[in-house]
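Undergrad: Relying on the hints, combine the two individually framed chains into one complex.
Chains S and D supply the protein sequences, listed in that same order. At position 366 of the first sequence the residue is numbered 366 (our numbering), and the sequence of numbers has no breaks. To get our numbering, take the position in the second sequence, counting from 1, and add 498.
Simulated from the structure, these hints should not be mistaken for lab results. For every residue, glycine included, the Cβ atom is placed at its ideal position computed from N, Cα and C. Among the clues, some could well be false.
What the hints assert, rightly or not - When the alpha-carbon atoms are kept at most 25 Å apart in a straight line, the in silico DMTMM-like pairs for lysine to aspartate or glutamate are as follows:
#1 D:K782 x S:D182
#2 D:K646 x S:D460
#3 D:K810 x S:D182
#4 S:K241 x S:E287
#5 D:K646 x S:E463
Unchecked claim - A partial selection of chain S residues facing chain D, derived with a Cβ cut-off under 10 Å:
#6 L48
#7 F139
#8 T178
#9 G180
#10 P239
#11 G243
#12 P316
#13 L332
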Amino acid sequence: MDFYVSALANVLTFGPLAAMIGATLLGVFIGALPGLNPVMAIALLLPLTYSMEPLVALAMVAGIYNGSMYGGAIPAILLRIPGTPASIATTFDGFPMADKGEAAKALKIACWSSAVGGIASAIALMTVGPLLARVTLFFGPAEYFWIAIFGMASVGVMVGSDPIKGIMAAVLGLLIGTMGIDSLSGQARYTFEQTWLLGGLDLIVVLVGLYALPPVLQLAEKCDLKGLSAAQLKLTDVPFKRGEIRGLFPTWLRSSGIGISVGILPGAGGNIAAFLSYNAAKNASKEPDSFGKGNPQGVAAAECGNNADNAASMIPALSLGIPGNVVAALVLSALTIHGLQPGPQLFHQNPGLVGGFMMEMLITSLLIFLLGGAVATRVFAQFQRLPGVLLVPSILILMCVGVYVINGRPVDLWVMLAAGVAGYFLEKVNVPLAPIILGMILGPMAEQSVRRALLISRGDATELLTRPISATLAIATLLMITWPIVKAMRSRRAAART
Amino acid sequence: MTIKTTLVGLAAAAALATPALAEYPERAIELTIPAGAGGGTDTSARKLAILLEEALGTSIAVLNVGGGGGSVGASQFMQAKPDGYSLFATWNSPLTTVPQVQNVAYSLDSFTPIASTSETAYTLCVKADFPADDGAGFLEELAANPAKYTYGNDGIGGTMQLAAERIFQTKGIEAIAIPFGGAGETLQNFLGGHVDIYGGSISTVLPYVETGEAKCLLVTSAADVPALPQASGLEALGMGDKETLLWRAILGPKDMDPAIVELLADTIEASVNDPGYVEFLATKGEVPNVVKGDDLGTRLQAEFDALAQVSKGLGL
Numbered sequence: 001m002d003f004y005v006s007a008l009a010n011v012l013t014f015g016p017l018a019a020m021i022g023a024t025l026l027g028v029f030i031g032a033l034p035g036l037n038p039v040m041a042i043a044l045l046l047p048l049t050y051s052m053e054p055l056v057a058l059a060m061v062a063g064i065y066n067g068s069m070y071g072g073a074i075p076a077i078l079l080r081i082p083g084t085p086a087s088i089a090t091t092f093d094g095f096p097m098a099d100k101g102e103a104a105k106a107l108k109i110a111c112w113s114s115a116v117g118g119i120a121s122a123i124a125l126m127t128v129g130p131l132l133a134r135v136t137l138f139f140g141p142a143e144y145f146w147i148a149i150f151g152m153a154s155v156g157v158m159v160g161s162d163p164i165k166g167i168m169a170a171v172l173g174l175l176i177g178t179m180g181i182d183s184l185s186g187q188a189r190y191t192f193e194q195t196w197l198l199g200g201l202d203l204i205v206v207l208v209g210l211y212a213l214p215p216v217l218q219l220a221e222k223c224d225l226k227g228l229s230a231a232q233l234k235l236t237d238v239p240f241k242r243g244e245i246r247g248l249f250p251t252w253l254r255s256s257g258i259g260i261s262v263g264i265l266p267g268a269g270g271n272i273a274a275f276l277s278y279n280a281a282k283n284a285s286k287e288p289d290s291f292g293k294g295n296p297q298g299v300a301a302a303e304c305g306n307n308a309d310n311a312a313s314m315i316p317a318l319s320l321g322i323p324g325n326v327v328a329a330l331v332l333s334a335l336t337i338h339g340l341q342p343g344p345q346l347f348h349q350n351p352g353l354v355g356g357f358m359m360e361m362l363i364t365s366l367l368i369f370l371l372g373g374a375v376a377t378r379v380f381a382q383f384q385r386l387p388g389v390l391l392v393p394s395i396l397i398l399m400c401v402g403v404y405v406i407n408g409r410p411v412d413l414w415v416m417l418a419a420g421v422a423g424y425f426l427e428k429v430n431v432p433l434a435p436i437i438l439g440m441i442l443g444p445m446a447e448q449s450v451r452r453a454l455l456i457s458r459g460d461a462t463e464l465l466t467r468p469i470s471a472t473l474a475i476a477t478l479l480m481i482t483w484p485i486v487k488a489m490r491s492r493r494a495a496a497r498t
Numbered sequence: 499m500t501i502k503t504t505l506v507g508l509a510a511a512a513a514l515a516t517p518a519l520a521e522y523p524e525r526a527i528e529l530t531i532p533a534g535a536g537g538g539t540d541t542s543a544r545k546l547a548i549l550l551e552e553a554l555g556t557s558i559a560v561l562n563v564g565g566g567g568g569s570v571g572a573s574q575f576m577q578a579k580p581d582g583y584s585l586f587a588t589w590n591s592p593l594t595t596v597p598q599v600q601n602v603a604y605s606l607d608s609f610t611p612i613a614s615t616s617e618t619a620y621t622l623c624v625k626a627d628f629p630a631d632d633g634a635g636f637l638e639e640l641a642a643n644p645a646k647y648t649y650g651n652d653g654i655g656g657t658m659q660l661a662a663e664r665i666f667q668t669k670g671i672e673a674i675a676i677p678f679g680g681a682g683e684t685l686q687n688f689l690g691g692h693v694d695i696y697g698g699s700i701s702t703v704l705p706y707v708e709t710g711e712a713k714c715l716l717v718t719s720a721a722d723v724p725a726l727p728q729a730s731g732l733e734a735l736g737m738g739d740k741e742t743l744l745w746r747a748i749l750g751p752k753d754m755d756p757a758i759v760e761l762l763a764d765t766i767e768a769s770v771n772d773p774g775y776v777e778f779l780a781t782k783g784e785v786p787n788v789v790k791g792d793d794l795g796t797r798l799q800a801e802f803d804a805l806a807q808v809s810k811g812l813g814l
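Chain D extracted, bound-state conformation (with noise of 0.2 Å):
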């Protein structure tokens, strides 16, 4: 090797290892999401990288990692360098969810968490002719007849299915989990008569509420969703502390220059809260919600306590 091949790799090396923040970001970033291509995680994140790609000023290369229920992708992207060039743009699941049930490489110290961008609670719905009509009577009805109705879900151990654990541990309810592929698997199975309770995203469901073939009345939101009048939120039953939501975020590996994530934070909020993109998570039922940060971090941590409590009566 001679002097000046050696020379310049050193330059380039130290390029790599200071990377100064007023130069950031000097080369494209490359964005990891822990799903395959076309899901809803894929097209809110696919939608937010072309306008950071704007406010940025480089290209925003996206990187699919599916498998495992994104713990695949999570572990992949742990090991990335910290040096700002290296996203990950995740839902809450492989982060709070999936550690509760698969042993996972990661844990929320591998992560420096940047900023949520949006979020939605989940429902609980029931067919027209089911014995009740709001929220209370819902849960009195399940709670009087144990193991008598069939609830689907997204899966078991996913986010959905500890959202309505959560609940039902509360009130001593007990109702039997058939985990399906997705909501629409369980909005097909639910109209089909072949589950009794609708357990999923709201959007999915929402066409048929209009019709008034199903009626939602719960939401595992603290606060009432407008677009479901019938259901309750979870404030209004005395389980404020009980919610559990759908949230997306954009983290970081371990150990990020605290000047780059503040830069990035402060960027993704202009862009979740660009009128354009809050018309785009609306079409898919979402609302913006940007939490920054060591507070970011705060409150993954409190949703894991809390979900690891409930999968721990479910013996998972």
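Just chain S, with the same shape it has in the complex (with noise of 0.2 Å):
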């Protein structure tokens, strides 16, 4: 108890404070322009900070991060342009809810979820993240294998009507997936000589175009010269109604154990705890059909979700010394330059620090409470104000900047560009694209994973099923696919019966 008391007696000081405040807007607003994401921000500002206190130069990262996997929800929900790659989910249910008339509604759900995912997933930083860091060491390469077959299971509730389209989807991101340099064999695929393909295709440069391109040119289409009046753009704040935070608790319950379980996996990422939790949220749910027109829970299971890998995310680099993806990287540079060494004996060096660290990822998570909200209406909501004919150059401008400063090529906007147009097309057929992103995240993890398993097992694929986690991850897996075909089957009998 004294150690939580004296970390936050450290955060609690006027530096960290203004840098948690700071940075929280600065996230918030960082992840809400789409191209520009969290990653690359905390590693541009992080080398600035060197000179400085390392609690001030932390609670900026705690900032950015939780900030910014709020912030992708800002445009998800008024444009359905996912900020980040973990908000696309977002753009399920919250843009539906803002046609409706409920984009208020559904941002203060986005920001409620948020900070509470991302609070359950500092209090598990704080208590069982340590204890369970050694767990994720059982996890190999078979585990990973399965870890990334039931992300791509949960395709399955994003194809809508049409599951043929939706698994074409999947296998056009796939597909894309495959390109560039092969990490096993040193191998050049689908690069067609061309040097800047050997990195294959960047997922925020195809997220941005796919996703940002299509309803920029459906907005073009309209024509709109007037924009709107303060007063059409119905954004008073919407009370919640009696009953409505502890209907949402379950769906918070659950996202919030998602998001922790996929953050503490290092390599597995916020991107697929949000389409775990929306799967999961769908598949609990009385009214399955509701999912994808304007459904509350789907947007606080995706927030929630993507914010409760945050904090989890951590745990590996904390207390094993091992990063589970880049910011956590970031951090534990961040850590050795003021002379920590991250490892098992972290904790015991200084744990001031550490524990000040995590105090900061709480801290930023209630601010989202705070700050989230205002922003997002008072600021980003505006910008829906503007008439068609300036906003739609002004998010194009945007998207340029972002993409351009991820690779700092040219090139990358014409990959933009063509995926924009793909996805425009591929929408007036129906085509779902979010598998495509789905298929593009998961795909390499699941090759990469399954040749590594084999290559220690020196060929023999049952190990993938006979050692005691995969053989569990295998079951789920197939619990997974066929729980809404049994589901369904139920309620055609039930419906048979009446």
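TA: Shown next, in the form of structure tokens:
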């Protein structure tokens, strides 16, 4: 207990506090602008903090990280443009809600859910995290293969009414994911002798094109010259109705659990946490058909899931010295610069600093409650009032800037344009876009893991099923695929009886 | 076009064509890093750039061009103007290792070597119950059991793998390489028992050497490494000429003005030896090592030739 009290006292001083507030605000903006992402922002800003007090530098990391995970929801809800890959699942129900005139409510649910997910995750980091960290080591390549397959099974909920088109989209994503240097053989695949394709297609570049360009083109089609007046925007704060929060509670609990479990596994990532949470919410719902049509539970599940991943992803970094993602790697490098050695001894070496950082992850999640809603409605939602003739070019410019700074290559802009045009026509023929991104994320993970597992087992495929955890994951995947079918059959039988 | 604009244009062209050393640097320098933001090469280059900005009195804009194990950034950079305002901060792999496995558009001749900055060895470590306690015993155990042990490394055809295979080929050892996405991932799989041997950077595994969970028995440098007293350097095993390190350098495009190269090399040398930078390097397990100009070119060529032989042996 003393540990947390002293950590709290360290953090509640002017420097860290100011850094947390500033960075959370900045994070919301970074998350909300398509193309800009927290990894890049932290990587660019961290070197500037080397000379500062470590808790100030870490406050900045915590704020940007937590803020941006929520910020991605703002354009996802208002414009159907996910600000980060992790907020794709937020568009499924967030935008239909906005379309029905419930934008303010969707933003509020996203804000609360992000904060709840972040808080749950920070508490996990402070309590059970270090104990669970060793467990993650049991996950080898065979287990990671099944996690990827498990994630891919969630494609089922995204395909909508036409499963064939959804599966085709997922396969397209898998194909794109195979491009570039194969990290297990060193061979270049589908690079057509182009040097810039050696690294494959960048996920963020494709995401921005595929997801941001079609809605922008649709806005342009409306040819809106006037814009909305403040009154037409209808963004006054909608207080939660009685029982509404209680209704969201099971979803928050479930999504936090999923986000934390995915986050604690190095390399799994927040992008799939949101998908899995959304999937679980839909499977658990009594009205699965209302998902994708503006169900608040969908927004809550996705946003809670992606924020719950954040602090949890620091668990393997802080307790084992194994960075699970780039942000965690940056935190570790910041700690080493301040003379700390990441690894099992870190907690004993400097409990004040480690505890302080954990506290900062918690406080920046709380700050989303305070700052998130205001930023979303007072600033970003006002952009919606711009007439289309101004909004369309502004978004396009922001997209181009965001995409260009990722790799500093003009060719990425062409990739974005191509992806956007493809996305526009795919939407016209009702092909869902989310499976493409899911395929791009999980395809390489599944492929590399299965090949590593087979290298280790000297080509014996039974190892994929005979290890205790891999067998459990395989069964879970099977259940996940068959559950909606069982449920549908049961309800049909029930309908026949009545 | 009026005469006036033509004259202005000509004057500008003339100014660009002949950058006099006396005025260098008179505008911002662009520093290309062939890796994404946040990695080891990126952080050390950005930190060095801050010191160089001060020493040169100009601003340095950092440009990250990741992908292809560094070859994307290198290919893009080779087309830059050799006027001293485009520099390339890289680690050795894109220049000496990647061309062994990829068809790249550049060769060592596409660059002007300016100065190397820092270096560190790779290490090979095993769990505490491994039946050997020093480098010689480790290699004997591996040689006696062909294809029994798996070792994790930083990627197929990567410098770490070639550094290990260079030793294994000399001793006739057959071990199974399992490529991972980086030292952190290798450590995770080593600690979880999914691979038998950790192969990667020293600083990543060091905490587990201190807890006794891992014992590092070999380093890929000729000399021993003070942080790992149990590990043998290659000199002690009679293979001093098989040394392969991870090292970083700053280069320019082909055909740079030798006077500017010399000025930059001296400035880099001073900045690298700045006590703050040396301390920073120490946190990453690296030590400063400045090799300048043509000597750096010789070092690159020697490493390239040695690794070409190793990768031919591997059939890569």
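Undergrad: Output the numbers, in ascending order, of every earlier hint that fails for this structure.
TA: Failing hints, ascending: 1, 8, 10 and 11.
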